[in-house]
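Turn these sequences into a full structure, and let the hints guide you.
Protein chains in written order, with this note's numbering: chain A, 1 to 274; chain Z, 1 to 178.
No lab work stands behind these hints: they were computed from the structure. One thing to keep in mind: the hints can contain errors.
[To be verified] When the alpha-carbon atoms are kept at most 25 Å apart in a straight line, the in silico PhoX-like pairs for lysine-lysine are as follows:
(1) A:K215 with A:K132
(2) Z:K13 with Z:K71
(3) Z:K71 with A:K10
(4) Z:K13 with A:K215
(5) A:K10 with Z:K13
(6) A:K132 with A:K17
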Amino acid sequence: MSAAPAYVAKDYKSDVKPVWCPGCGDFSVLAAFGKAFAELGLAPERVAVISGIGCSSRIPAYTRTYGFHGVHGRALALATGLKLARPELTVVAAGGDGDGFSIGGNHFLHACRRNVDLTYVVMDNRVYGMTKGQPSPTTEPDWDSALSPGGTGLRPFNPLVIALASGANFVARAFSGDPNACAAMIVAAIRHPGFSFVEILSPCVTFRPDQRGWKEQVRQAPVAATGDPARAARRLMTDDGFNLGVLYQGDRLPYRPPPGEGARPADLEAEFAA
Amino acid sequence: MSADDAMRAAARKLAAAIRDAEDFRACVFAIESEAAERYAELADLMATHNNREVAALFRRLAEIEGLHARKMLAPDGSAPRLLPAGIDFVGAETVSHEAMHYLMTPRQALALALEGECKAVALFEALAEGAADPAIRRLAAEMAVEERGHVALVQAWMTKFPEPEADWDHDPDPPRLD
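What follows is the structure, given as structure tokens:
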């Protein structure tokens with residue numbers, strides 16, 4: 001038999017039962033987190049899963065690692081601070097498209113630009129599910145619903161293009177319907193140095209039942225990952241949003257704080273002393 | 001790739017990775033354990049959404065799959081926890097989260113279970129045909145027979161529940177606002 005694996009996927013699953021809707025793609029992403037961490041042999045106490053607000057942002061509660069269910073849109077600010085303070089930890093930020101690209105849009109741009117060595121997983125369902133179905137930044141312009149009659153008419157945000165243009169070092173897309181492929185993508189993202197961005201198409205079957213059809217639309221990207229940003233840009237700009245795989249792998253060095261002792265907690269607390 | 005093709009590809013991968021009966025036992029244990037865990041998750045999920053009848057059904061299916069997994073334990077009760085190197089696919093009998101609906105009926109839940117059992121039959125049949133080692137082929141053939149028994153059991157169970165009504169997913173207080 002092969003050597004004993006240090007961990008199995010189940011080791012990363014907490015006792016908290018998910019309250020996601022039956023059929024939600026986020027269940028598979030949660031399973032993929034466990035598989036990916038086990039594949040990497042990460043001790044649960046050496047991993048931190050950080051999120052903002054939204055259905056998918058509940059994921060830290062469901063994982064048996066360190067976690068922080070933070071403020072809306074601020075997962076990347078928290079994750080960046082944590083990684084700089086505790087570089088030995090594997091830091092994974094997670095959330096949804098509303099949290100990440102609208103409320104947290106500015107943090108997204110600058111996290112890509114800073115290129116700190118962390119992984120950002122966005123479960124993109126193109127809708128605000130937790131607040132009952134408002135269009136999000138990635139919603140199609142013609143999505144007709146009671147809360148956006150006739151559709152928004154607005155051009156959707158293209159997170160992969162924005163990530164590439166802002167300096168992310170790894171850009172990939174996966175589909176929750178294939179948890180093993182999601183896990184492989186998360187493994188690759190964590191292994192790649194710098195800021196890694198993984199968009200996981202994760203259907204909201206409650207407010208976007210049409211997304212059950214995604215499993216027929218997704219396909220493996222017909223090209224291998226490139227390290228050339230110009231080629232990746234052309235590829236992503238012409239992409240229809242359903243090509244899966246690692247689409248860009250850069251070689252930019254991650255940002256690390258200068259060596260030396262940082263501020264001690266007591267020094268920081270002193271600044272706030274009344 | 002169709003579901004059958006995917007299962008055959010998985011069987012080929014398994015056939016290449018399984019070296020002996022111990023490896024085979026480890027794979028079957030992993031497949032059955034994962035199926036049991038998934039049914040338990042689905043039972044919790046349905047309980048959270050107050051669909052008690054289907055929750056109870058999934059709980060029962062979790063127990064059954066757990067029994068199948070325990071049959072793979074060694075005489076001293078130890079679990080063959082390790083999968084052979086190179087195996088990243090289990091899921092042979094695992095029901096997908098995607099197919100769930102909070103108002104699903106017991107009949108629909110059993111239809112999902114049937115799909116899982118049929119996948120397992122396909123996997124073991126392919127292994128019984130494709131494995132290089134005759135001992136593995138024999139064990140896989142035995143598992144295929146057992147899984148066909150489960151298929152018949154689930155089919156018999158399904159006849160006890162009515163087909164869902166046409167408006168089975170009607171919710172008088174729907175989450176969608178239009």
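Going through the hints against the structure:
1. A:K215 with A:K132: Roughly 23 Å separates the two Cα atoms, so the pair holds.
2. Z:K13 with Z:K71: Given that 25 Å is the threshold and the Cα spacing comes to 24 Å, the pair holds.
3. Z:K71 with A:K10: 21 Å, holds
4. Z:K13 with A:K215: Roughly 23 Å between the alpha carbons, so the hint for Z:K13 and A:K215 holds.
5. A:K10 with Z:K13: Status holds; Cα separation ~23 Å.
6. A:K132 with A:K17: 21 Å, holds
When each numbered hint is compared with the structure, no violation occurs for any of them.
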